[in-house]
Amino acid sequence: MTVGLQHYVVLSAILFSIGLYGTLGRRNAIVVLMGIELMLNAANISLVAFSRYLTPPALTGQVFALFVIVVAAAEAAVALAIIMTIYRNRRTIEVDKIDLMKW
Amino acid sequence: MPYQLAWFIWTLPVFAFLAITLVLRPFFNHRPHWSAYATITAIGAAFVLSIWALITVLQSPDHLLAVPRIEWAVIDGFTIHLGLLVDSLTAIMLVVVTGVSLLVQIYSQGYMHGDPGYPRYFAWMALFTANMLGLVMADSLLFMYVFWEGVGLCSYLLIGFWFHKKSAADAAKKAFLVTRLGDFGFLAGILTLYFSQNTFDIEALRTAAAAGAIAGTTLTLAAIGIFAGAAGKSAQFPLHTWLPDAMEGPTPVSSLIHAATMVAAGVFLVARMFPVFAYSETALNVVAGIGAFTAIFAASMGLVANDIKRVMAYSTISQLGYMMLALGAGGLAAYASGGSLPIEEAISLGVAVGMFHLFNHAFFKCLLFLGCGSVNHATGTFDMRYMGGLRKYMPFTTLTFVIASLSLAGIWPLSGFWSKDEILVTSWNYIPVWFYVALVTVFMTAFYCFRAVFLTFSGEYRGGEPGAHVAAHSTPGHEQSHMPHESPRVMLVPMGVLAVLSIVSGWINLSGGFSSFLGHSAESEGGWLQTLFGVFTHPLPFISLATAAAGIFLAFAMYNRKWVSATAVGRAFSPIYKVLYNKYWMDELYQGILVKSFLLNGLFRGAQEMDADVVDGVANGIGNTVVGFGKGMRRMETGQLQGYAVAIAVGLVAIMLGLYFWT
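Chains as they are written, first to last, in this note's numbering: chain A, 853 to 955; chain B, 20 to 682.
Watch out, some of these pointers could steer you wrong.
[Stated by the list, open to error] Capping the alpha-carbon separation at 27 Å, the derived lysine-lysine pairs in DSSO-like fashion look like this: (1) A:K949 - B:K650; (2) A:K954 - B:K650; (3) B:K597 - B:K581; (4) B:K185 - B:K650; (5) B:K581 - B:K411; (6) B:K615 - B:K597.
Since the hints were derived computationally from the structure, they do not count as laboratory data.
Build out the structure end to end from the sequences listed, making use of the hints.
See below:
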């Protein structure tokens with residue numbers, strides 16, 4: 853079995869769907885954050901795969917993926933800090949309990 | 020001397036006003052007399068300049084002092100000029116206004132002595148005079164209108180000078196509003212003329228009217244509009260109610276308002292714009308009719324007033340009616356004579372007769388008011404029922420007051436006789452209906468005038484009750500002695516000057532000098548002395564003199580000798596007395612019916628309901644709809660983070676599916 857573009861795209865779709873489920877369906881803020889990371893990485897796989905198979909000599913997709921990784925790292929740092937602070941204040945990280953910003 | 024000096028005539032009092040308000044009042048309030056000196060100096064200088072202007076105008080061949088105009092503002096081809104028009108009419112008014120004002124200011128030093136508002140009083144008096152001078156000198160209706168309103172403003176300020184007294188504040192408001200009503204007509208008249216001729220220039224408008232460029236209904240409407248303004252300021256019939264109430268102001272103010280400024284402005288305006296009137300017979304009939312009616316109407320109310328100042332106020336209204344009658348009758352001469360007298364002649368006749376009475380009236384009416392002030396200064400009241408016998412205590416005031424009254428009643432050879440006689444002759448010649456009205460008014464005038472004289476000065480002193488008026492005038496350092504005493508010399512000197520003028524001012528026109536100066540060349544009846552006595556070769560003077568004498572005699576019989584009891588007469592004619600005493604219920608009519616029923620309960624309430632229900636309803640309705648919508652919409656903001664994320668995901672999928680299927 854030769855691994856082709858199709859496999860990578862399907863892997864990316866599966867990972868993205870898992871990430872989406874984690875983000876929308878779980879209550880723990882850490883798990884939500886992990887879901888977001890999964891979705892970002894699913895996007896990274898797509899970027900690298902398309903770049904490798906469709907425009908071989910150029911490295912645009914790879915470079916773009918590097919940027920996404922950097923942003924994701926920064927985002928994770930900020931998000932974890934926010935979660936820490938919320939936990940200290942409210943003794944919970946259940947996202948459906950954190951609903952102060954409503955009408 | 021250069022023409023620029025003419026500008027100083029009205030700007031000097033403005034400078035005095037500024038000096039008092041900006042420097043003297045804030046920094047030298049402990050020296051109130053300085054402000055009096057500032058005003059007197061400025062008006063004195065203006066008086067000297069006015070004399071100069073009069074002489075210049077007299078000497079110039081076309082009776083005009085040429086003053087180049089200044090461009091003030093140009094807006095898109097529409098230019099507003101500032102300019103002075105100093106012709107014979109203006110020159111006479113300048114001398115009268117500055118002269119009378121000067122005397123009144125000097126007198127005021129005594130009358131207002133010790134009043135806490137002393138500097139304020141002189142500041143406003145200066146501004147008042149300045150506005151009046153500007154009004155008579157303005158060469159365009161627009162420029163004149165500015166001063167016209169300025170006069171109205173200053174009269175408001177001065178009538179309400181003792182504003183802490185409710186009646187004074189009310190009177191000031193009333194004067195302002197009622198004259199404002201007339202001013203609306205004036206403005207409409209100005210605009211009518213402007214849209215017809217595209218100019219505000221008085222000289223151009225006069226020429227246009229004479230050339231027939233404005234004619235028909237436009238001319239009549241413009242003339243009646245202008246007359247409405249004049250009627251407001253000159254207190255003619257429907258708009259007269261403010262003037263008697265204006266007596267709440269300090270007496271020198273009343274004197275100035277009723278002699279030379281405010282009320283003269285109306286007559287002056289009609290005289291100034293007279294060509295506009297003269298070519299419309301309707302307008303002339305309105306002027307003459309309202310004038311004659313006002314004359315008798317006001318005189319009849321003067322018959323029963325108990326307040327000496329109110330008697331004089333009604334007398335002023337009545338005499339202003341005479342002036343309007345003179346103008347109207349003179350203008351009608353052209354129509355009544357069936358074309359044998361050209362309209363230009365009729366114009367100058369009307370202006371000459373009307374202005375002559377204005378000229379004479381300024382002096383004796385000013386004197387009468389100063390006399391009232393002097394009496395008030397001594398007794399602390401204006402109510403004649405509490406005066407009496409002042410002849411013994413105030414001989415000089417008595418003498419001057421009697422002279423002025425004789426002049427007002429029209430007794431030969433005092434000034435009032437000459438001008439009143441001319442008015443009677445003019446109306447006899449051209450509109451005989453109003454002649455009889457005017458003659459009855461002569462009788463009434465003589466009667467109420469001497470009723471005031473006898474009640475005030477003859478008999479026994481009745482105590483000068485310390486009533487409402489005293490409270491208003493009780494000033495520190497002016498203790499009320501038991502017996503009245505003569506006023507200080509600073510008040511008596513102006514009265515003396517005016518008394519002399521009240522006698523002689525009429526003699527100016529004996530050989531027709533005054534009339535010909537105003538463009539009316541009367542047929543000369545010989546020299547000066549010859550006319551002084553020769554006037555009795557005509558029957559009319561006898562009639563008017565006899566009528567006036569009868570009026571004086573009746574007053575003498577009722578109030579001096581008491582052959583006829585005044586109360587008995589009052590009871591005999593009680594319905595008439597009641598009507599007159601209540602001033603024909605004109606105030607009640609205006610206040611109750613016009614203001615309360617029509618305006619407050621009708622128009623204003625309707626407008627209020629319209630505002631509250633319709634306008635507010637729309638505004639509130641829109642607001643409430645938006646608020647309700649927002650209330651519903653905010654339920655969507657649950658604060659559930661994952662809810663938002665679902666919305667984003669579903670939205671993205673929807674967009675993607677959309678793009679997939681529709682492209």
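Do the hints match the structure? See the list:
no.	hint	result
1	A:K949 - B:K650	holds (23 Å)
2	A:K954 - B:K650	holds (13 Å)
3	B:K597 - B:K581	holds (22 Å)
4	B:K185 - B:K650	violated (53 Å)
5	B:K581 - B:K411	holds (20 Å)
6	B:K615 - B:K597	holds (23 Å)
Of the hints listed earlier, the one the structure fails to meet is number 4.
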